[in-house]
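Protein chains: 2
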Amino acid sequence: MHQPILKNKKFKQRRTKRPSASSPSASDGLKIICLGGLEEIGRNMVIFEYENDIIIVDMGLQFPEEDMPGIDYIIPNTAYLRGKEKNVRGVIITHGHYDHIGAIPHLMAKIGNPVIYTAKLTAGMIKKRQEEFTNSPKLNIQIVDPDTDKINLGRFEIEFFRVNHNIPDSFAAVIRTPLGTVVHTGDFKFDHHPLHDKPADLNRIARIGGEKVLALLSDSTDADWPGHQISEHDVEEELDKIFEKAPGRILLATFASLLNRVQQVITLAEKFNRKIIIEGRSMKTNVEIAHQLGYLNIKPGTVIEKNEFNKFPDNRLLALCTGAQGEHNAVLMRIANKEHRFIEIRKNDTVVFSSSVVPGNERTVQILKDNLYRQGAQVVHYKMLDVHAGGHAKQEDLTLMIRLLNPEYFIPVYGYHYQLILHAGLAEKVGIPSKNIFVADNGQIIEFTKDGKREGEVAGKLTSVKVPTHYVMVDGLGVGDVGNVVLRDRQIMSKDGMFVIIVPVDSHSKKLTAEPDIISRGFIYMKEADVLINEVKKRVVKIVDKHISGKYTDRGSIRGQIRDEIGQYLFQKTERRPMILPVVMEV
Amino acid sequence: MHQPILKNKKFKQRRTKRPSASSPSASDGLKIICLGGLEEIGRNMVIFEYENDIIIVDMGLQFPEEDMPGIDYIIPNTAYLRGKEKNVRGVIITHGHYDHIGAIPHLMAKIGNPVIYTAKLTAGMIKKRQEEFTNSPKLNIQIVDPDTDKINLGRFEIEFFRVNHNIPDSFAAVIRTPLGTVVHTGDFKFDHHPLHDKPADLNRIARIGGEKVLALLSDSTDADWPGHQISEHDVEEELDKIFEKAPGRILLATFASLLNRVQQVITLAEKFNRKIIIEGRSMKTNVEIAHQLGYLNIKPGTVIEKNEFNKFPDNRLLALCTGAQGEHNAVLMRIANKEHRFIEIRKNDTVVFSSSVVPGNERTVQILKDNLYRQGAQVVHYKMLDVHAGGHAKQEDLTLMIRLLNPEYFIPVYGYHYQLILHAGLAEKVGIPSKNIFVADNGQIIEFTKDGKREGEVAGKLTSVKVPTHYVMVDGLGVGDVGNVVLRDRQIMSKDGMFVIIVPVDSHSKKLTAEPDIISRGFIYMKEADVLINEVKKRVVKIVDKHISGKYTDRGSIRGQIRDEIGQYLFQKTERRPMILPVVMEV
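Top line first, the protein sequences correspond to chains X and B. Numbers in the working numbering are just positions in the first sequence, counted from 1, shifted up by 8. Numbers in the working numbering are just positions in the second sequence, counted from 1, shifted up by 8.
Bear in mind the hints are in silico, worked out from the structure with no lab data behind them. Be a bit skeptical, because a hint or two may be false.
[Stated by the list, open to error] The calculated DSS-like cross-link candidates involving lysine-lysine, where the alpha carbons are at most 27 Å apart (straight line), are:
no.	chain 1	residue 1	chain 2	residue 2
1	X	K253	B	K437
2	B	K503	X	K518
3	X	K355	B	K443
4	X	K519	B	K136
5	X	K443	B	K519
6	X	K519	B	K469
7	B	K518	X	K518
8	B	K437	X	K355
9	B	K581	X	K136
10	B	K146	X	K581
11	B	K136	X	K249
12	B	K503	X	K535
13	X	K146	B	K581
14	B	K535	X	K581
15	B	K279	B	K249
16	X	K469	X	K519
17	B	K319	X	K503
18	X	K146	X	K158
19	B	K535	X	K545
20	X	K503	B	K503
21	B	K355	X	K535
22	B	K581	X	K135
23	X	K355	B	K469
24	X	K437	B	K355
25	X	K550	X	K581
26	X	K503	B	K535
27	X	K581	B	K135
28	X	K118	B	K518
29	B	K519	X	K581
30	X	K402	X	K437
31	X	K346	B	K206
32	X	K437	B	K253
33	X	K469	B	K355
34	X	K118	B	K581
35	X	K518	B	K355
36	X	K437	B	K135
37	B	K206	B	K346
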């Protein structure tokens with residue numbers, strides 16, 4: 009498998025790593041390695057290794073950056089596990105979001121297809137996704153009850169505790185190792201009034217904290233936000249008001265994975281006697297899985313089919329749909345663009361964006377909202393009213409988690425570097441010594457050993473050793489086959505297009521057998537560029553002639569000559585630099 | 009000039025226009041037409057036409073959307089003025105920002121190069137930019153003093169009043185027409201404590217309002233923000249604290265066009281005894297123009313050259329630079345990427361982002377900040393402290409402008425549709441009847457006539473007539489030559505690359521004379537795709553053979569066959585859809 013090291017400009021800034029990349033040392037301690045989730049957001053995967061036992065927490069995907077056109081997503085680089093497959097005792101998945109489960113179909117075969125331990129709903133979502141990957145192995149999933157189960161995986165003993173997040177069945181992992189207990193929060197927030205979910209078990213967390221925790225890995229996603237995350241209860245109150253007042257139909261868009269929000273919306277629709285139509289493949293799939301597994305309460309008759317949609321008056325209808333991020337093919341965008349099969353905006357419609365805007369999507373969402381406004385809808389979004397609660401703990405709750413568990417060492421995970429730094433600052437404020445706080449990079453080994461310590465004491469260290477973490481990109485069926493060359497070509501072509509020059513020459517006389525043929529795409533509209541194209545042809549003929557009379561050596565040199573001269577000419581005439589591809593055909 | 013109508017998906021959503029596009033009627037009233045600045049942000053240009061007299065206010069550019077790869081910017085479509093060039097009496101430019109002056113080099117020749125009337129600093133900026141366009145005509149610029157000058161342009165008489173904005177010399181235009189007075193605010197805010205600038209002249213504005221204003225066109229950019237815009241004075245206080253505390257160097261990035269901010273920074277540097285280096289071409293140019301024209305006060309010795317930069321202790325240095333938006337080649341990005349010639353981040357550096365983040369740049373700026381943090385700098389941005397004040401009036405000030413001028417008709421300009429709607433709502437609240445408020449689209453003619461009115465009365469109307477406003481895109485030296493075909497090709501190639509198949513066939517026997525040649529770029533890395541490429545070649549040979557034995561009709565049909573079959577095969581194997589370009593060469 010080809011795993012390219014990216015070298016272009018924008019990547020470079022993310023490659024500025026402190027530790028040097030050398031091969032890991034063979035020590036006997038407990039190693040903790042994040043393969044993703046630090047420095048950037050996503051592709052979360054943490055390795056815990058003690059002697060010959062390895063467990064893995066989460067296997068997520070990361071969405072591509074702007075400078076990766078055509079890439080579907082990025083998955084963790086598992087080069088470190090090569091040769092250690094037999095040591096992997098199990099994979100623990102904390103919850104069902106794609107940044108925690110998305111790499112499973114691509115990676116399980118490579119690490120020996122170990123057993124996956126996870127909660128019921130998460131298992132359902134993993135299985136559903138696996139159906140799309142017919143070449144992936146059949147998974148071995150063991151469902152755990154986070155309230156009661158304990159599992160033994162090699163020298164590790166694992167239990168769990170429930171946390172709140174915006175999908176049910178999210179848990180934190182309590183990993184007991186021969187050197188002490190390590191807690192990994194997964195994604196979490198504390199919601200003291202969650203809806204259709206239990207609040208996080210603070211007593212249990214405090215009890216675990218009382219037993220002495222060696223290290224805590226905690227979610228830094230919202231570490232730059234002061235205060236508490238708002239409760240789903242507040243969101244419900246706000247939505248309740250909107251449902252009460254909406255004069256016509258409600259079109260509510262949210263992430264398909266926000267199953268708690270979906271439940272709220274269903275409950276409110278039932279309260280206000282609205283029929284629901286569910287639109288969007290991911291929304292339909294998730295509702296189906298959650299409903300089958302008993303995670304959604306829907307009264308019979310609430311959800312209707314599309315052929316019934318126009319049989320009810322507007323103020324008795326709700327469309328629950330995808331597209332709150334302005335995704336191109338999602339339902340809300342299709343409605344706004346008048347491309348939806350049976351929904352188009354009416355004057356009295358209320359469109360609710362019950363989600364935050366993922367950074368990078370601001371402009372698209374703004375244009376989408378504007379378009380809905382223009383068609384006469386009322387638009388409500390989270391900046392106007394509390395119609396969305398994030399899934400992550402803010403500073404006050406992060407501090408509470410640290411205080412409840414009172415760990416000896418603290419490792420902020422999941423966030424940009426500055427969020428990790430801010431989270432580290434919170435830990436220091438509540439008394440964790442700064443030398444015991446490790447702000448690591450992806451792949452940087454954190455190690456705990458008894459070396460030089462008295463009985464019962466353990467020393468932690470952020471080593472300078474890094475395992476490989478360069479991007480493994482997924483594009484269609486290709487995993488890791490798109491590297492810097494392919495991406496750079498895509499970038500060039502997207503900017504100024506390309507320009508193919510085909511030069512048929514007689515293989516003996518080296519003379520042109522016909523006029524050069526030119527194909528341009530994305531550069532200039534050919535029909536209007538006759539003069540330019542004719543001039544290019546003339547110049548190509550001259551280049552070929554010049555070479556025949558002496559300098560002609562090989563295809564390579566003539567190609568180079570055409571590329572340089574024509575490239576210069578086109579730039580001079582257009583100030584554009586298309587990719588130039590000269591093809592010399594000997595016939 | 010080819011001016012394409014864009015039809016692809018994302019464009020469509022912006023094309024949803026209420027009025028039908030038919031040719032303008034020939035009426036005798038006063039016509040007001042915005043060619044840009046409505047529905048979207050930028051390419052501001054307003055036409056005022058009364059019988060045979062036309063004046064134009066502003067000629068700006070608009071930055072491209074995400075789905076316009078390679079496009080530099082968009083300029084107003086002046087098709088409406090074709091044949092009316094001789095009627096254009098003058099162009100008024102309200103201030104020197106690119107969204108108000110940027111189209112001048114491209115459009116002046118097309119409308120007969122009329123005289124430009126503007127204030128001194130704006131004139132300097134227009135002239136400087138014009139130097140880059142050697143094929144554009146020499147401009148005729150007449151400098152006006154906004155406090156005292158009155159100019160007559162055909163049947164129009166124009167005076168001005170100063171407004172605050174974040175560049176000096178911004179003014180509003182008071183356009184007296186035979187049917188009444190129309191005020192166009194340009195970009196504005198009220199700053200009662202501006203720095204290095206006079207506050208807007210509220211008394212004069214009120215006096216104009218007292219004379220009866222027929223219509224007001226007012227800036228809606230911040231109409232979705234409650235309250236007042238913060239004063240530059242508050243920004244200075246905040247910056248003062250940062251300058252006082254910064255232990256090492258200060259790297260301050262802002263827009264090069266924010267000349268008032270630049271002056272503040274210079275004054276503070278002088279106060280705290282810091283030497284300044286100015287980095288970035290646009291920053292250098294703007295400082296130079298403004299200084300030459302007397303708009304910047306800089307003490308001798310404050311600004312130093314790069315060879316002196318490392319001669320001063322860190323706490324006596326300030327770098328004033330471009331790149332607050334995370335622009336790829338701007339100074340701050342180069343510093344962060346360790347590509348700057350002589351500045352790299354040190355532990356005690358304080359980096360100040362004294363600007364807002366333009367929608368669409370959030371993610372890039374986030375990554376830039378993270379990279380600076382990672383290298384040890386302190387990072388301060390506008391969300392943390394008031395280190396930036398926007399240039400536009402918020403709701404309270406917008407209301408004040410409407411009340412001071414008390415117009416009969418109100419036309420919100422400059423903003424997305426929803427901002428125009430919100431601004432219209434403010435006008436209605438202070439008593440403008442909703443039938444007198446016109447939320448127009450780009451190109452939609454607003455007309456004032458005396459038809460059917462008593463002596464001294466004028467009727468305004470938002471007509472259903474639209475003049476052409478489709479995008480004119482500038483890409484390098486090409487203006488309007490990139491249309492939907494070229495853009496769509498760029499989008500396809502940026503996603504999955506392209507795949508050229510060259511098939512040399514004998515012109516008599518129609519048999520292949522050699523193996524097909526394949527060139528792929530941005531699709532798959534060729535060296536690793538041998539199997540795939542060989543299979544494609546085999547299939548192409550079969551397609552050609554099949555066609556020779558009967559079905560072969562012309563190059564077109566064989567090309568189509570190759571495109572379909574190979575496209576399908578590649579998708580099946582890779583789930584990618586590169587652009588496939590079959591070339592049949594008859595030899």
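A quick look at each hint next to the structure:
About 22 Å separates the Cα atoms of X:K253 and B:K437, which keeps this hinted pair within 27 Å; it holds. A C-alpha spacing of about 38 Å is found between B:K503 and X:K518, which places the hinted pair above 27 Å, so the restraint is violated. Only pairs whose Cα atoms come within 27 Å are accepted, and X:K355 paired with B:K443 is accepted, the gap being roughly 19 Å. Between X:K519 and B:K136 the CA atoms are separated by roughly 50 Å; this puts the pair beyond 27 Å, and the hint is violated.
For the given pair, X:K443 sits about 75 Å from B:K519 by alpha-carbon distance, which is inconsistent with the 27 Å threshold. Distance hint between X:K519 and B:K469 is unfulfilled; the C-alpha atoms sit about 70 Å from each other, more than 27 Å. With a C-alpha separation of about 23 Å, the suggested pair B:K518 and X:K518 falls inside the 27 Å cut-off, and the hint holds. About 22 Å separates the Cα atoms of B:K437 and X:K355, which keeps this hinted pair within 27 Å; it holds.
At most 27 Å may separate the alpha-carbon atoms for a hinted pair to count; B:K581 and X:K136 meet this at roughly 23 Å. Restraint check for B:K146 and X:K581: the C-alpha separation of about 22 Å stays at or below 27 Å, so the hint holds. A C-alpha spacing of about 56 Å is found between B:K136 and X:K249, which places the hinted pair above 27 Å, so the restraint is violated. For the given pair, B:K503 sits about 25 Å from X:K535 by alpha-carbon distance, which is consistent with the 27 Å threshold.
For a cut-off of 27 Å, the pair hint linking X:K146 to B:K581 stands: about 22 Å separates their Cα positions. Simply put, B:K535 and X:K581 have alpha-carbon atoms about 34 Å apart, too far for the 27 Å limit, and the pair is violated. Taking the CA atoms of B:K279 and B:K249, the gap is near 12 Å; set against the 27 Å cutoff, the hint holds. Distance restraint check for X:K469 and X:K519: the Cα-Cα separation of roughly 70 Å exceeds the 27 Å cut-off, and the hinted pair is therefore not satisfied.
For the given pair, B:K319 sits about 42 Å from X:K503 by alpha-carbon distance, which is inconsistent with the 27 Å threshold. Simply put, X:K146 and X:K158 have alpha-carbon atoms about 24 Å apart, close enough for the 27 Å limit, and the pair holds. A C-alpha spacing of about 31 Å is found between B:K535 and X:K545, which places the hinted pair above 27 Å, so the restraint is violated. With a CA separation close to 12 Å, the supplied pair X:K503 and B:K503 stays within the 27 Å bound.
Proximity of B:K355 to X:K535 is assessed by CA-CA distance (about 57 Å); at most 27 Å being required, the pair is judged violated. Restraint check for B:K581 and X:K135: satisfied, since their Cα atoms lie roughly 24 Å apart, inside the 27 Å limit. Using a Cα cut-off of 27 Å, the hinted pair X:K355 and B:K469 holds, with the two alpha carbons roughly 23 Å apart. The suggested pairing of X:K437 with B:K355 holds, with an alpha-carbon distance near 22 Å, which does not exceed 27 Å.
Taking the CA atoms of X:K550 and X:K581, the gap is near 19 Å; set against the 27 Å cutoff, the hint holds. With a C-alpha separation of about 25 Å, the suggested pairing of X:K503 with B:K535 holds against the 27 Å cut-off. Note on X:K581 and B:K135: the hinted pairing holds, with a Cα-Cα distance of about 24 Å set against a maximum of 27 Å. Proximity of X:K118 to B:K518 is assessed by CA-CA distance (about 49 Å); at most 27 Å being required, the pair is judged violated.
Between B:K519 and X:K581, the direct Cα distance comes to roughly 39 Å. Violation of the 27 Å bound is thereby established for this hinted pair. This hinted pair checks out: X:K402 and X:K437 have alpha carbons roughly 15 Å apart, not beyond 27 Å. Our distance criterion of 27 Å between C-alpha atoms is broken by X:K346 and B:K206, whose separation comes to about 49 Å. With a C-alpha separation of about 22 Å, the suggested pair X:K437 and B:K253 falls inside the 27 Å cut-off, and the hint holds.
With a CA separation close to 23 Å, the supplied pair X:K469 and B:K355 stays within the 27 Å bound. Proposed proximity of X:K118 and B:K581 is supported: the alpha carbons are some 21 Å apart, at most 27 Å. Between X:K518 and B:K355 the CA atoms are separated by roughly 63 Å; this puts the pair beyond 27 Å, and the hint is violated. Under the criterion of a C-alpha separation no larger than 27 Å, the hint pairing X:K437 with B:K135 is inconsistent with the structure, at around 56 Å.
Taking the CA atoms of B:K206 and B:K346, the gap is about 41 Å. The hint is violated against a cut of 27 Å.
In this structure, the earlier hints numbered 2, 4, 5, 6, 11, 14, 16, 17, 19, 21, 28, 29, 31, 35, 36 and 37 are contradicted, and the remaining ones agree with it.
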